[in-house]
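Asks: The primary structure of each chain is shown beneath.
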Amino acid sequence: MNTIIAQPEKSFKQNMGYALRKYTTVFHVSIANNLAYMGEVVFRTIFLVVFVYVFLQLWTATFAAKGIHSLSGFRISDMVWYLATTETIALSLPQLTRLIDQEVRSGQLAYLLGRPCSYVFYHYAQYLGGRLVRLVINAAVAFIVAMLFVGPPPFSWMGLLVWPLVVFLAISIDFAVYFSIGLLAFWTEETTPFFLIVNRLALVLGGVLAPLEVLPQPIRGLAQVLPFSAVLYGPARTLVHFELDHFIGLLVQQFITLAIGSLVLFVLYRIATRRVNINGG
Amino acid sequence: MLIINTFVRTLRFIGAYTVANVQAAMEYRISFWVQIFTMAANDSLWLFFWWTYFHQFPLVHGWQNNDIVVIWAVTACAFGIAMGFFGNSPKLAALIMNGGLDAYLGMPRYVLLHVCVSASDPTAWGDIIFAVGAFLLFLHPDLLHFALYVLMALSGALIFTSFVVIICSLAFFLGNTEGLAQQLLGTLITFSTYPMNIFSGTVRLLLFTVIPAGFISFVPLQLLHQFSWLLLAALFGFTTLIVFVAMGVFHLGLRRYESGNLLGMQG
Amino acid sequence: MPIIEVDGLVKTFRTRERDAGLAGSLRSFVAPRYREREAVKQISFCLEPGEVLAFIGPNGAGKSTTIKILTGILYPNAGRASVLGLTPWQQRRKLAFHIASAFGQKSQLWYHLPPQDTFDLLARIYELDMNEYRKRRAFLVDVFDIADYIRTPARKLSLGERMRCELAAALMHRPSVVFLDEPTIGLDVIAKQRVRDLIGQLNIEEGLTVFLTSHDAGDIEQVCRRAIVINHGEIILDTPVARMKRDYLKVKTVDLLLEEAATTLLKADAESGKLQLSIQSPSTIHEEMLETEGITVLKAKGHGLKLEIDTALCPLEPIIAAIMQHCHILDMTIADPPMEEIIAKIYSEKGQGGSIS
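Top to bottom, those sequences are chains A, B and C.
Mind the numbering: the first sequence is residues 1 to 281 in my numbering, read in order.
Mind the numbering: the second sequence is residues 1001 to 1267 in my numbering, read in order.
Mind the numbering: the third sequence is residues 2001 to 2357 in my numbering, read in order.
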């Protein structure tokens, strides 16, 4: 059949090449965009500093009161570095759910679906760019602050080596989760409550304040069972207190969580796009 | 007489807006209740965490076990009242920057108050429910102590609101301070929910002045342990002071706004 | 007794100039450089109660600055202004009880609530007596014909319905003067007409003084009786609308898409070489050519023909009829000249800095 637009057959490899280039461009643009607003991001680190400070005082007072030097193998300095790490990750979350929610509601989604690139991957690239900028700035500030407060970090070489990998998996899990919640905009009037629930649970049960071992019992049991710890506790502990079997366990947990998250994401996305096709946005 | 009249009219005004805000939120009934429930549940979870923590690791220097409940109950209630009744105060910076203040200037009401009551965060009701519930559950107060608690939550609410207004009003002079306001508000809440004992002298000074966490949770805690008229007067004195400072800064800024010479703003 | 008096109003904006970058910021902090912009340069006018004024000018002319001064949002550098006997920037809150402003783009209605609830809230804000308010509300609901919508959440209303509710809200507290900014923007033709009729009706029945800014010629033509044109901060024309219509609004542009090539209707004028319409006059007994005085050919390309017709000299209908007789018209648009064009024309005719009433 003769089509009006002559389209040379592209090989699979070529297609992949184009796609990759497309998304890396989005990624770069996102970084540049976020760097332009760097002032904003630096402001946000105020909270990080305050938080680390408050907890340093708390741990110091606690340890002194009990006359101990370490808790489940964590010294005060370890705890502070742990907190610095979890907060670096936790505070780097961009406004993904709100963005998707708005795009769904405004019909922007329907419009973007017409573009020759995957809506999901487009946002993934954009998200990664934004998150990366925030991660780096948070990390820099957190590093300086923790260093000033408690001295050099207890990181091991192995921990540092694998850290990018586990963080990458962690933020990818975050993407799957928060993107899916954003897609709920198709069915609910407000996605904010769901976002808040998940985000807050992820903080408490993800071990943002202290390693799970330190948490008091009922919470500790719950947290160890749920997948929230794959995002905060896992990577932080890997960095601060690297243990091989723990690391392997974390990787497994992250892969499984990411797989399930991605599955949920794509199922929701499928249903959502079908809805767009029927209702016209 | 005139003062009472003005007071009553102001209360009616705040009441009318609160009703409208709640009605607007109830348009999405499920979302409304989910938000309230989640906030209350979230607060409870955190409080439970800390309560167990302080049981396991009791601090010295007069820190009792239920004290953590008290400071959480007071702070959460104060914050809930602030965000429930004056929930639009954090948006003041944005309103200043995008000229949204004009609409309020065309209204026959005191601008600052009008801006603050124009919106409400439904999660605030969750904070209040949690706070009052926790207070009643853990402390079994008598009527007098409960009345004192409510009074201090109200003064805390005024402190929270004034704090936000001051930082947002700096937008009249410095440009967009919305992000800064969010950060500092978070800081204030954080400092209000941890025992003062763990902080050093210099920091404590800070907590009674620039970041008035001391007046939001610490002073009320002392008052509930051991009532003293002097301390109560200090609390009310500070609250009055910060409210006046907030009004003053806002008015200075408003004058600037009315000249039209705001940073980056053209008629 | 004029309801609005403006005398020698001057407003100059003084903003700090800031270069980009850190060095620039520091420099501006230490040795600030100011940039002055005269937004309003000595304007004076009076408005009597019950007048309906069109306040016209392109963007950046000083319109919104003037209105903001009159409503008390800004204070001027020099000059006097008095609205209802009050100085707006000094007695703003008192004045606010008696004036109203409605912006076409900004909404006063609460998005999630039915307009009824917004009305109730406004009653509380303006401290209206509840009985009076209920009567007033019933009256306005009737006049604006919004009884079916006031219990529907505002977000579910169409733009036209919402605009009528907005106006009702603005007028709930019986203001004496209402400042309307682009009240018909974005509305369809029917909705526009309704809004215009309503404003006119309230002006006649209640003696409401209306201060209208609009870029829409239809708003000005149909609703207002007097027009003040402002440009570059100065009043360049202050005239009854009837006269303005006579002088400036009589030209219409007609954009046609024809079945045949446009050139078949045209003929080059022997003297000027310009293309002119050359067709038979519609349904005449003798074969007469159409009078083309007052018809200018703006564009003729392919099947498209754009004419400018001076309706004072020749009415539209015969021209259209003549063209229709000649060939099929596939599409036709008749437009008023854009406000900017009228202003530009007024301005160029009035020259620099002249002010005529």
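To be clear, the hints were calculated from the coordinates, so they are not data collected in a lab.
It cannot be assumed that every hint is accurate.
[Claimed, not checked] Cβ-Cβ distance ranges computed for the label pairs, FRET-style:
| # | chain 1 | residue 1 | chain 2 | residue 2 | range |
| --- | --- | --- | --- | --- | --- |
| 1 | A | W187 | B | L1113 | 34 to 40 Å |
| 2 | A | R275 | C | S2158 | 20 to 26 Å |
| 3 | A | G67 | B | A1041 | 34 to 40 Å |
| 4 | A | V264 | B | H1251 | 50 to 56 Å |
| 5 | A | A36 | C | S2158 | 53 to 59 Å |
| 6 | B | S1044 | A | V225 | 18 to 24 Å |
| 7 | A | Q102 | C | K2250 | 31 to 37 Å |
| 8 | A | Q102 | B | Q1064 | 45 to 51 Å |
| 9 | B | H1251 | C | Q2042 | 27 to 33 Å |
| 10 | A | L35 | C | D2310 | 53 to 59 Å |
| 11 | A | R275 | B | H1251 | 37 to 43 Å |
| 12 | C | R2035 | A | W187 | 37 to 43 Å |
| 13 | A | V264 | B | V1019 | 55 to 61 Å |
| 14 | C | G2050 | B | I1003 | 37 to 43 Å |
[To be verified] With a straight-line Cα cutoff of 27 Å, these simulated BS3-like cross-link-like pairs (lysine-lysine) come out:
| # | chain 1 | residue 1 | chain 2 | residue 2 |
| --- | --- | --- | --- | --- |
| 15 | C | K2156 | C | K2192 |
| 16 | C | K2094 | C | K2156 |
| 17 | C | K2106 | B | K1091 |
| 18 | C | K2299 | C | K2041 |
| 19 | C | K2306 | B | K1091 |
All values reported here derive from a predicted model rather than from experimental measurement.
Beta carbons are placed, not taken as given, at the ideal position from N, Cα and C, and that holds for glycine.
Asks: Between A/Q102 and C/K2250, does the beta-carbon spacing fit 31 to 37 Å?
Replies: 47 Å, violated
Asks: Against the range 18 to 24 Å, how does the distance between the Cβ atoms of B/S1044 and A/V225 compare: consistent or not?
Replies: Since the Cβ atoms of B/S1044 and A/V225 sit about 20 Å apart, the hinted range of 18 to 24 Å holds.
Asks: Given the hint of 34 to 40 Å, is the C-beta distance from A/W187 to B/L1113 inside that range or not?
Replies: 38 Å, holds
Asks: Could one say that the CB atoms of A/V264 and B/H1251 fall in the range 50 to 56 Å?
Replies: Taking Cβ atoms as reference, A/V264 and B/H1251 lie about 52 Å apart, which means the hint holds.
Asks: Starting from C/K2156, check that the Cα of C/K2192 is at most 27 Å away, please.
Replies: Holds, at about 19 Å.
Asks: Does the Cβ distance between C/G2050 and B/I1003 fall inside 37 to 43 Å?
Replies: 40 Å, holds
Asks: Quick check on a hinted range of 45 to 51 Å for A/Q102 and B/Q1064, using CB atoms only.
Replies: Holds - the Cβ-Cβ distance for A/Q102 and B/Q1064, about 47 Å, lies within 45 to 51 Å.
Asks: Taking the beta carbons of C/R2035 and A/W187, is their distance inside 37 to 43 Å?
Replies: 52 Å, violated
Asks: For the pair we were handed, C/K2106 and B/K1091, check the Cα-Cα distance against 27 Å.
Replies: Holds. C/K2106 to B/K1091 sits at ~17 Å (cutoff 27 Å).
Asks: Taking the CB of A/G67 and the CB of B/A1041, does the distance hold inside 34 to 40 Å?
Replies: Once the Cβ atoms are compared, 35 Å apart, the range 34 to 40 Å for B/A1041 and A/G67 holds.
Asks: Quickly compare the C-alpha distance for C/K2299 and C/K2041 to 27 Å and report which way the hint goes.
Replies: 40 Å, violated
Asks: Take a quick look at whether C/K2094 and C/K2156 sit within 27 Å of each other, Cα to Cα.
Replies: 35 Å, violated
Taken one by one, the earlier hints fail for this structure at numbers 5, 7, 11, 12, 13, 16, 18 and 19, listed in ascending order.
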